[in-house]
Every structure is written in structure tokens, then in C-alpha cells.
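S.K.: Each chain is listed here by its residues.
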Amino acid sequence: MKGVWHLAWRYLCFHKYKTLVLVASIGLIVFIPTGLNVLVKKGSEQLTARAEQTPLMLGRVGSPLELVLNGLYFQSDTPPPLNFGDYLAIKDMDMGQVIPLHTGFRSRGFPIIGTRLSYFSFRHLALQEGRWLGFLGEAVIGASVAKETGLQVGDTIISAPETAFNLAGAYPLKMTIVGVIGKTSTPDDDAIIVDLKTSWVMEGLGHGHTDLSKDDASGFILNQNGKSIIANAAVNQFQEITPENIRSFHFHGNNGTYPLHAVIVIPKDQKHSALLQGRYQSHAALQLQNPSSIIGKLLETVFSVRQYVLIGAFLMVLSAGAMSVLVFMLSQQLRAHELVAMKKIGAAKSFVVGMVTCEIVMVLVSGVLLGMILTLLSEKYGLVFLQSIIVSGV
Amino acid sequence: MGDYLSIKDLEFSYPDNQFQLSIKTLQVRRGERIAVVGPSGSGKTTLLNLIAGIVLPDVGTVTIGGKSVVAMPESQRRQFRIRNIGLVFQNFELIEYLTVLENILLVDYIEKPVAVMRVERAKVLAEKAGLSGNFYRYPHQLSQGEKQRVAICRALLTEPSLLLADEPTGNLDVNNKENVMSILLDYAASNDSTLITVTHDQNLLHLFDRIIDFNELIAAMEAGER
Amino acid sequence: MKRYIAVLLVFLMGACSEVEQETSSEKANTDTSVFVAVTNYPLQYFVTRIAGDSVITYFPEIEGDPVFWKPSSKELQAFQQAGLIVLNGASYESWLPYVTLPEDKMVNTSYSFSNQLIREDQALVHKHGPEGEHEHGVTAFTTWLDLQQAIQQAAAVKDALIKVLPDKAGLFDKNFTTLQKELLSLDQRLRSIGDRLQHTPLLFSHPVYQYFQRRYGFSGHVLHWEPDIMPDEGQWQELTQLNGELKAQWMIWEDQPLTDITRRLETLNIHTVVFNPASNRNGNEKQDFIAVMNTNVANLSAIGRNNLEAGK
Chain C
1 MKGVWHLAWR YLCFHKYKTL VLVASIGLIV FIPTGLNVLV KKGSEQLTAR
51 AEQTPLMLGR VGSPLELVLN GLYFQSDTPP PLNFGDYLAI KDMDMGQVIP
101 LHTGFRSRGF PIIGTRLSYF SFRHLALQEG RWLGFLGEAV IGASVAKETG
151 LQVGDTIISA PETAFNLAGA YPLKMTIVGV IGKTSTPDDD AIIVDLKTSW
201 VMEGLGHGHT DLSKDDASGF ILNQNGKSII ANAAVNQFQE ITPENIRSFH
251 FHGNNGTYPL HAVIVIPKDQ KHSALLQGRY QSHAALQLQN PSSIIGKLLE
301 TVFSVRQYVL IGAFLMVLSA GAMSVLVFML SQQLRAHELV AMKKIGAAKS
351 FVVGMVTCEI VMVLVSGVLL GMILTLLSEK YGLVFLQSII VSGV
Chain V
1 MGDYLSIKDL EFSYPDNQFQ LSIKTLQVRR GERIAVVGPS GSGKTTLLNL
51 IAGIVLPDVG TVTIGGKSVV AMPESQRRQF RIRNIGLVFQ NFELIEYLTV
101 LENILLVDYI EKPVAVMRVE RAKVLAEKAG LSGNFYRYPH QLSQGEKQRV
151 AICRALLTEP SLLLADEPTG NLDVNNKENV MSILLDYAAS NDSTLITVTH
201 DQNLLHLFDR IIDFNELIAA MEAGER
Chain G
1 MKRYIAVLLV FLMGACSEVE QETSSEKANT DTSVFVAVTN YPLQYFVTRI
51 AGDSVITYFP EIEGDPVFWK PSSKELQAFQ QAGLIVLNGA SYESWLPYVT
101 LPEDKMVNTS YSFSNQLIRE DQALVHKHGP EGEHEHGVTA FTTWLDLQQA
151 IQQAAAVKDA LIKVLPDKAG LFDKNFTTLQ KELLSLDQRL RSIGDRLQHT
201 PLLFSHPVYQ YFQRRYGFSG HVLHWEPDIM PDEGQWQELT QLNGELKAQW
251 MIWEDQPLTD ITRRLETLNI HTVVFNPASN RNGNEKQDFI AVMNTNVANL
301 SAIGRNNLEA GK
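Top line first, the protein sequences correspond to chains C, V and G.
With this note's numbering as the guide, the letters of the first sequence map in order to residues 1 to 394.
With this note's numbering as the guide, the letters of the second sequence map in order to residues 1 to 226.
With this note's numbering as the guide, the letters of the third sequence map in order to residues 1 to 312.
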């Protein structure tokens with residue numbers, strides 16, 4: 001019996017490329033449907049997990065999906081802003097914890113999330129290095145941001161303005177990295193998190209400049225009438241907040257009108273959740289959404305799409321299977337001479353059949369194993385891998 | 001000393017064509033060296049296949065060493081062939097994915113438990129055939145002459161008492177022809193083995209004890225028909 | 001199209017290993033001792049009086065007036081880790097706009113009377129950039145020198161403490177009531193002094209008495225003198241000119257001024273009275289807030305009674 005295995009093994013080794021192609025195609029035949037299933041399952045679990053962790057989300061009236069995708073995953077277009085006053089209003093209802101999110105800026109392609117310290121504990125984020133946000137102009141970066149950019153605590157990162165023609169005065173701000181968040185395998189890994197006020201500085205709502213009442217500021221002053229000073233545009237808008245200039249930073253106007261893009265709402269209990277949803281149900285300007293139901297709807301779409309993809313994959317598997325059988329049959333034909341010679345020398349028919357069977361078994365088992373390994377790998381790393389391909393491609 | 005191989009009243013035809021082979025009687029002594037000559041398609045190879053038990057006659061008997069090849073059950077016939085008959089083919093029929101050593105040992109892979117394989121004997125045979133540097137090479141890396149020497153070594157592994165060679169020099173140049181024939185003849189001589197060789201090569205006929213000419217056989221058959 | 005890419009991207013968001021659910025903040029919540037960070041001494045006093053040993057107060061070591069203090073990175077981290085951050089409000093913590101603190105742990109003790117805060121008239125209005133005119137205002141911040149406001153601040157402290165330690169509500173209420181009585185008594189004594197001195201012109205060495213003046217009806221002029229810096233001749237001249245009309249015989253100081261200042265003031269027939277706002281405890285470890293206020297009241301009550309003893 002060992003002879004059968006030996007000859008089968010030798011045959012496969014000698015025709016290593018053909019064997020590899022066969023193993024790979026059988027591996028793919030196994031992997032395509034199972035891997036796809038795993039990816040969809042894992043992806044939906046991930047989506048659902050973060051959505052379920054986020055009970056409610058308040059935003060300006062518009063696309064609920066956009067609000068939720070942006071608020072949960074920092075993807076999609078930035079939704080229309082709501083006012084900080086809207087945040088204060090829901091906060092004053094005292095029906096639960098509220099966390100503001102400003103998602104309007106990016107740096108090196110990574111979203112800059114302006115929020116409050118409570119976001120870190122809400123998302124169970126832990127520091128890998130450095131400290132949490134302390135002062136205006138500081139940033140804490142996600143594990144992937146640190147890995148991909150090589151940035152560390154003490155380095156700086158510059159925000160990119162929302163649009164190139166932002167006339168409201170969004171200036172690029174140089175921020176100091178004070179902490180790196182440990183890996184969470186969530187969108188927080190790709191985020192640059194700053195204080196909400198730092199986002200407002202980027203919006204041009206808060207700024208620091210030379211003290212206009214000081215004598216050496218006279219060069220900037222166009223007109224001084226009593227206590228009213230009109231300064232020219234040369235007033236130095238700081239592009240970096242430093243310990244030296246930080247005290248000159250201040251905010252203008254009523255902060256109730258300052259922009260936010262979403263507010264995470266964690267009601268105290270079911271009753272408060274229902275009450276809140278009731279209150280915002282027919283709100284003209286605001287929407288209070290339940291992220292898990294929005295994501296649920298999205299997943300329904302994904303699952304219906306998956307059916308078609310699976311049918312496609314099944315057809316592919318079928319054709320790949322047929323091709324593999326054809327390859328087997330052709331190679332047996334090419335070997336007819338060899339097999340006849342073996343029989344002439346004295347090999348039993350069962351020996352020849354056994355040898356070919358062993359070859360098929362080895363190829364099949366290897367292929368299935370490969371498919372299973374690929375499936376397991378895709379369960380562990382598939383999403384990240386695909387994501388990195390797509391991100392670098394977009 | 002009696003006949004080692006004997007064929008009596010043998011008739012054979014392939015079911016799908018007109019070919020017919022009839023041999024009234026053929027007797028071969030142990031150690032005898034016989035050349036079989038004749039035109040293509042006259043049944044020389046078929047004769048070797050009949051002797052080896054690869055195909056069976058419609059009627060008649062084939063007896064080797066007193067045992068009827070025709071009467072044996074299939075598995076016994078196969079065993080008998082493996083142990084007693086060495087086969088050499090015109091096209092060598094080497095297994096492309098096995099090394100020289102493995103090709104020589106092919107019979108053992110087919111038949112024996114791996115532990116009792118005749119590796120040492122295979123090496124000795126290969127060395128004698130001038131293949132010492134080629135143990136681990138593959139057939140496609142060998143010359144024609146080397147290939148046939150490997151095929152002969154494979155046939156000799158079991159120390160057969162009957163060697164059947166079908167045009168063993170058909171694909172070889174002059175030097176290799178002599179080399180291959182001398183290996184076969186030397187073996188037959190030193191082991192008192194019977195050698196039956198199908199050949200077209202008139203220059204080799206002097207090396208044999210007897211020549212069976214299929215032209216005569218056909219003439220006899222035609223005479224018989226008339 | 002962008003949205004579909006977004007959906008796809010979101011869908012592919014990494015789901016590798018199980019996320020560590022245990023975090024430091026969760027662990028902190030299970031900690032039984034509550035740290036309460038405060039930004040001035042009156043607040044520290046209120047917290048201590050109301051909560052006693054139930055909490056550990058954190059008041060950074062500050063040289064001078066805490067209103068001019070800016071937190072260092074370490075001090076800020078201590079504030080971030082506190083279970084409760086008690087703020088004076090009324091722009092006392094001018095560093096608040098540029099720091100990050102846990103909003104849900106902060107309590108602005110002057111919030112309840114924020115509509116009654118005094119805006120200083122030296123506010124600076126300026127105009128530049130796209131958003132046009134705006135004001136860099138200054139709000140009077142020594143809120144607790146109006147003892148009624150101090151009571152409201154203490155009440156805010158009590159409410160916040162109860163939120164953090166609801167089990168101790170009874171104790172905190174009881175302690176607050178006692179404190180409230182003492183503050184009320186001070187308030188009443190100051191009211192009666194205020195009533196008595198409502199027509200007595202006074203000089204205030206520093207602009208920290210706005211709420212005090214408003215509540216107790218003290219009228220007078222506010223200077224910008226420091227007790228440990230001899231005023232220059234210009235300032236003396238200004239005083240002489242001013243007092244020619246005002247005819248004030250009493251000048252209220254945050255702290256005992258230099259002897260040279262006192263002597264020169266005496267030559268102008270101006271007596272020194274110390275009313276310490278007690279914003280910090282620098283060099284006054286023996287007297288707590290109430291004791292300092294009692295001394296203040298005693299000092300004030302001397303005005304108009306015994307000229308020579310005043311301020312001693």
C-alpha cells in the first residue's frame with residue numbers, strides 16, 4: 001500500500017505546478033463561498049456590534065444612513081451640522097449621557113474627531129502610549145494612524161481644511177500628538193481624536209492672536225474708537241497652539257451656534273430612550289436615530305446582495321470544478337502509456353486505480369485544507385486586508 | 001534437459017481486426033538465446049505478450065518452467081510474471097516522475113512492502129550498466145542509451161529466468177546497440193536465463209542461438225490454410 | 001457613489017481580535033474613594049465642610065491668587081482623573097477654554113446666579129477676521145464675597161457631591177445646613193455693617209470686591225494697588241486728587257499692606273482695613289474660611305467706631 005502512496009506522491013511532486021494549480025483551484029472552490037460567508041458574517045457582526053454599542057444618535061435632519069455611518073464609522077460624507085445648542089438642549093433634558101462629535105476635518109486621509117473625554121470611556125479606549133487630551137490643539141491618534149504614518153507622541157499633525165474655499169476661516173491647525181490609543185479593531189483605530197474646542201479652532205470659531213490692547217500690536221490696528229479696535233488681516237492667526245500662545249486662544253460669538261455633526265446619546269434606561277425618541281420624532285430640524293436599526297436595514301440590503309453574489313460564486317465553483325475534472329481526465333489520458341506499461345510489468349488494475357485515487361485524494365485534501373486555512377485567515381484578517389486594499393485604491 | 005518454454009497449438013486473434021496468429025509448436029530450452037524476426041505487424045510483439053501472459057491465446061497452451069501460463073488465475077499469472085519474466089520495451093517505458101533508482105525498483109513498489117526493497121541490488125545493477133552517476137536523475141535527463149539501460153536494469157531486478165525484449169535496440173545508435181545487447185546476453189549467460197529478443201537488426205542475429213523467422217511462420221500458416 | 005464606497009468601507013471595517021472591554025475608566029469607577037478637584041480655597045472649604053472625610057479634595061499648590069493660576073499638564077491630568085471637578089465659574093477659571101476636562105464631572109458653582117454676574121467695564125472689543133467685532137470680556141469673579149452667593153455655591157457643591165455619592169445625601173444635607181447657618185450669620189453681620197456704613201465713602205485697593213459692594217451697599221472707588229508693592233508717585237498723586245472729592249478715611253485691602261504704605265496713607269488720614277477674600281490659604285493655615293471671614297467682619301465693624309484700632 002505504501003508503494004501506491006509513494007508513486008502518487010512522486011507523481012504530484014514531479015508535476016508540482018500542475019498540482020499547485022489544482023490544489024489552488026480546489027482551495028478557491030472551497031474558499032470562495034465559505035470565505036465570502038465568513039467575511040459577510042464578520043463584517044455584519046462588526047457593524048452591528050458598534051451600532052448596538054451606540055444606543056441613539058442625534059443629528060440634523062437628512063439621510064439617517066449618512067448620519068449613522070459618519071457618526072459610527074467616520075465614513076460617508078459629513079452630514080449637515082447641528083448646533084452645539086441642540087447638544088446642550090438634549091443634555092439639559094438629563095435623560096442620559098450625551099457625547100458630541102465633530103467629524104468635519106481630516107488629516108492625511110484620517111478623520112479628525114472633535115469630541116469630549118467621555119468618548120474615550122464610552123468606547124472603552126485605552127492608551128498605548130502618552131496621555132489623554134489635556135490642552136487645546138492636542139490630538140490622540142488611533143493605533144492604525146500611528147502604524148501607518150509612523151507618528152508618535154510628541155510629533156505634530158496638520159489638519160486639512162474641510163474645503164479649499166472655506167471662507168468662514170478654517171485654517172490648517174498644527175496639532176501635537178499626546179497619546180496613542182491601543183488597537184481596538186474598530187474605526188477608532190483610524191481616527192485622530194481632538195477636543196471639540198480644537199475642532200472649533202479649525203472651524204475658525206476660536207483663535208489666538210496678538211493682544212490688540214498691548215502697545216506692540218499697534219501695527220495691526222486699523223482703527224481704534226474708544227474700546228473698539230479694528231485690526232487688519234495681518235493679525236497673526238496662530239497655526240499652532242503652543243504653551244506660549246495658548247492663553248490668547250478664545251472663542252467668538254454664541255457657542256450655541258457652533259457646529260457638530262452628531263451626538264451620541266446613551267439614555268439612562270428604556271423609558272428615557274422611548275421618551276427621547278418621542279420628543280425628536282417630529283422635530284423639524286433634528287433626527288434622533290437608533291443606529292442598530294439603521295444598520296439592520298443596511299445589512300438586509302447587504303444580505304440580499306449576498307444571495308446574488310453567492311449564486312455567482314456557486315456558478316464559478318461549478319465551472320472551476322468542471323475544469324479541475326477536465327484537467328484530471330486529460331492528465332490520465334496523457335498517462336495511458338505509463339499505466340499500460342505498469343500493468344504489463346505486473347501491476348494489478350487495483351494498484352493503478354489506487355495510485356490515481358491517492359493522487360486525487362491528496363490534491364482534494366490539500367485543496368480543501370487550503371480553502372479552510374484561507375477561510376480561517378479571512379475570518380481573522382480578511383476584513384482588514386480588504387479594507388486596506390480598498391482604502392489604498394480609493 | 002527438457003524444454004523450458006513450450007507453446008502448443010496456439011491460436012490468437014484480436015477481436016476487432018483480421019490479425020491472426022497460429023503457432024503449432026515452439027519449444028525453447030533454458031538458457032537459449034532466440035531472435036525473433038519478421039515484418040512489421042506479423043505478430044512478433046503479440047508473441048512476446050502471449051508468452052508473458054499479458055494477453056491470452058484463444059486456444060492452445062503456453063508453458064513456462066512446467067507451469068501453464070494460460071491456466072493460471074489472473075493474479076497468479078501477474079505474480080508469476082513479476083517473479084520470472086523480465087520485460088524490455090522498444091520505447092523503454094520508463095516512469096517520467098521517478099528517478100533512475102526508483103524506476104529500477106518499480107517492481108518492488110508494485111509488489112513488495114517498502115522495507116524489503118532491493119535497493120542495493122538496484123544500485124549494483126545500475127553501476128554495472130554504467131549508470132553510477134545517474135541514480136537520482138529523471139528519465140528526461142538521460143540519453144536514449146542510458147534510458148534503455150535503466151529499462152534493462154528494471155527487467156533484471158527480479159533475476160528473471162526468462163527475458164523478453166521487444167526491439168531493445170530499435171531506438172539506439174550503433175555503440176549503444178552493442179552495449180545493450182551485451183548486457184542482455186551477459187545476463188542470460190551468467191544466469192542461465194532464456195532470452196527472446198524481437199529485432200529487425202540483421203547485424204545482431206549472429207549473437208543468437210536460434211532465429212525464429214515470422215516469414216516462415218506465415219508461409220506455414222498460409223500453406224496450412226491451403 | 002461615494003456613499004456606496006462608504007458603506008463598503010464601513011462594512012469591511014476590521015473585525016480581528018476581540019476588543020479589550022476592560023478599560024482604565026471602568027476600573028476608576030469601581031474605586032470607592034472620590035477625588036474632588038477644586039480651583040480655589042472657598043470651594044475646597046465648602047467641599048470639606050459638606051463631605052468631610054467622604055472625599056479627598058485636590059486643590060493644586062498655588063502661589064498667590066488662584067485666579068491667575070494655569071494648570072500644568074500634570075495638574076490637568078489630576079483634574080481629569082477627579083470624580084468631581086468643582087469650578088467657581090464667573091470666568092474665574094480663565095484656562096477652561098483651552099483645556100479638556102470631563103464635562104459630566106464638572107460643576108459650575110455660580111451657574112444658579114449666572115444672570116447676575118457683573119461684567120467689568122474694561123472689556124475689550126475688537127474686530128478682525130471674517131467674524132467681525134467681538135468682545136474679550138472680563139467678568140467679576142470674587143463671587144463668594146457676597147455670602148448669599150457663597151451659600152448658593154455651597155449648595156451647588158452639596159448637590160454635586162450627592163450626585164457622586166448618593167448614599168451620603170443625609171450627611172451632606174446636614175453638614176450643608178450647618179455651613180449655611182454660619183454663612184448666613186456672616187451675611188447678616190455684613191448687612192448690618194453695610195447698612196451702617198452706606199453713606200461712608202470707602203477706597204478699595206483692588207477690583208475684587210464687586211459682589212461684596214453690590215450685596216452690602218458699600219460705595220467707594222476702586223484702585224489697582226498691591227499690598228506688597230509700594231505705589232509710585234503717580235498713583236499717590238491720583239489718590240490725593242481723587243480723595244480730595246471723595247474724602248474717604250478707609251481703604252479696604254486684600255492683605256495687610258507694607259508698613260510704608262500704611263504710614264503714608266495715615267498721613268493722608270486714610271486708615272487701612274483688611275478684608276481678605278480668602279481665595280487661597282497662603283500663609284494662613286491657622287484660620288479657615290469662616291475664621292478669616294469673621295476676622296474680616298471684625299475688621300470692617302471697626303470702621304467709624306475707633307479710627308486708630310481699625311485694621312489692626
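Derived by calculation from the structure, the hints in this document are not laboratory data.
Every value quoted in this text rests on a predicted model; they were computed, and no experiment measured them.
All C-beta atoms in this analysis are idealised placements derived from N, C-alpha and C, irrespective of residue type, glycine included.
Incorrect hints may appear among the rest.
Simulated restraints, written as ranges between beta carbons of each label pair [unchecked claim]: (1) Y111(G) <-> K41(C): 47 to 57 Å; (2) W9(C) <-> Q76(V): 57 to 67 Å; (3) N91(V) <-> Y308(C): 47 to 57 Å; (4) E120(G) <-> R108(C): 37 to 47 Å; (5) Q144(V) <-> V353(C): 26 to 36 Å; (6) Q144(V) <-> Y308(C): 52 to 62 Å; (7) G253(C) <-> E120(G): 13 to 23 Å; (8) V353(C) <-> E11(V): 27 to 37 Å; (9) D209(V) <-> A322(C): 51 to 61 Å; (10) L369(C) <-> V70(V): 19 to 29 Å; (11) T25(V) <-> K16(C): 47 to 57 Å.
Anything over 10 Å on all C-beta distances counts as not near chain G; from chain C, calculated [stated by the list, open to error]: (12) C13; (13) Y17; (14) G85; (15) S118; (16) F135; (17) H250; (18) V327; (19) S331.
S.K.: For which of the previously enumerated hints does the structure constitute a violation, in increasing order of number?
M.R.: 2, 10, 15, 16, 17
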